[in-house]
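S.K.: Taking the working numbering, the leading residue of the sequence shown gets 30, the next gets one more, and so forth.
Careful: at least some of the hints might be erroneous.
To be verified - Below 25 Å or equal to it, Euclidean Cα-Cα: the simulated PhoX-like pairs (lysine-lysine) are: (1) Lys255 / Lys148; (2) Lys261 / Lys272; (3) Lys261 / Lys201; (4) Lys201 / Lys272; (5) Lys255 / Lys201; (6) Lys272 / Lys255; (7) Lys201 / Lys148.
What the hints assert, rightly or not - What follows is a list of derived Cβ distance ranges for each label pair: (8) Glu117 / His268: 46 to 56 Å; (9) Arg289 / Gln240: 40 to 50 Å; (10) Arg58 / Ser140: 37 to 47 Å; (11) Arg216 / Gly297: 43 to 53 Å; (12) Ser92 / Pro246: 38 to 48 Å; (13) Asn226 / Pro329: 21 to 31 Å.
Everything labelled a hint here was simulated from the structure, so no lab data went into it.
Ideal Cβ positions, reconstructed from N, Cα and C, are used throughout, including at glycine.
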Amino acid sequence: MTTAPSPSPAFDSAPADRGAVPAATSGRREFPFERRHFDFIAHMLYQLAGIALAPHKIEMVYSRLARRLRDLRLSDFDSYCALLESEEGANEVGFLVNALTTNLTSFFRESHHFDFLAKTAVPEMRARHAGESSHPRLRIWSAGCSSGQEPYTIAMVLASSFGPELRRWDAKILATDIDTHMVDTARRGVYPADLANSIPAPLRDRFTRRQREGGEPMVAMEEELKRLITFKPLNLLEHWPMKGPFDAIFCRNVLIYFDRVGRTQVIGNFARMLEPGGCLFLGHSESLYGVSDRFRQTGPTIYRRL
30 MTTAPSPSPA FDSAPADRGA VPAATSGRRE FPFERRHFDF IAHMLYQLAG IALAPHKIEM
90 VYSRLARRLR DLRLSDFDSY CALLESEEGA NEVGFLVNAL TTNLTSFFRE SHHFDFLAKT
150 AVPEMRARHA GESSHPRLRI WSAGCSSGQE PYTIAMVLAS SFGPELRRWD AKILATDIDT
210 HMVDTARRGV YPADLANSIP APLRDRFTRR QREGGEPMVA MEEELKRLIT FKPLNLLEHW
270 PMKGPFDAIF CRNVLIYFDR VGRTQVIGNF ARMLEPGGCL FLGHSESLYG VSDRFRQTGP
330 TIYRRL
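Model the full structure from these sequences, guided by the hints.
M.R.: This is the structure we're talking about:
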């Protein structure tokens, strides 16, 4: 494990000479937002979640937290930063992480990963574990599951690949995310109907059911899928309570938010958790080049543990 980031400095409410965000980003804002506010919030987010916010994220930070100021009926960011470092604001840090964590996902996103899972990885898992016991063990982890489309997609692939034989297996999917709101959404497994358009029609017909909520068309994941998945909140830079090993880990579009130290730490732990030959799936803009020598690339953003 790496050394934890240094404690966040006390918030300085006095304006700094360099502090103001340029007028184009702050002059017409509902709440004044200066560089000292951004620096304090960015340091706190790094301390809490290992997420490194670059200065060009100023607009994103302002827009997401301005909504929070309105909800809390605060008049300015000085008050919000003071709340974050106060004893009374202990619960607010969770809202901060949730607000600043990007959660973009979809069913069968980066479909080549799921083609590889169905055609290559799952047959290898079956061959590796089939003779171990009357209920062979199989484990897959969706690390950074967001609102749940990724683990439900994995569950569809497993259920359709194994067929009725899956009942004989001790097959589980762990789905984790730092954003507790997203974990709750994922656990519920109900989505606007148009989000299911990316699911191939035969799987959509088999594994989802249509319903309406508040007059809006929705799709709900079938219990057959939900029984395969356990949803838990988890910060990847803190203690991992599970022991593994996993046959495959999906961690897509998560590492881009960490600095080099954080990426190295997480990838090292993935290597420890994966079965030899197990697969690690990363996001389309992510790579292990210069990060770890414990994996061999076997496809576009697909790696095997050596």
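S.K.: Hint by hint, say whether it matches the structure.
M.R.: Status of the hints after comparison with the structure:
{"no.": "1", "hint": "Lys255 / Lys148", "verdict": "23 Å, holds"}
{"no.": "2", "hint": "Lys261 / Lys272", "verdict": "15 Å, holds"}
{"no.": "3", "hint": "Lys261 / Lys201", "verdict": "13 Å, holds"}
{"no.": "4", "hint": "Lys201 / Lys272", "verdict": "14 Å, holds"}
{"no.": "5", "hint": "Lys255 / Lys201", "verdict": "10 Å, holds"}
{"no.": "6", "hint": "Lys272 / Lys255", "verdict": "22 Å, holds"}
{"no.": "7", "hint": "Lys201 / Lys148", "verdict": "19 Å, holds"}
{"no.": "8", "hint": "Glu117 / His268: 46 to 56 Å", "verdict": "27 Å, violated"}
{"no.": "9", "hint": "Arg289 / Gln240: 40 to 50 Å", "verdict": "45 Å, holds"}
{"no.": "10", "hint": "Arg58 / Ser140: 37 to 47 Å", "verdict": "40 Å, holds"}
{"no.": "11", "hint": "Arg216 / Gly297: 43 to 53 Å", "verdict": "29 Å, violated"}
{"no.": "12", "hint": "Ser92 / Pro246: 38 to 48 Å", "verdict": "29 Å, violated"}
{"no.": "13", "hint": "Asn226 / Pro329: 21 to 31 Å", "verdict": "24 Å, holds"}
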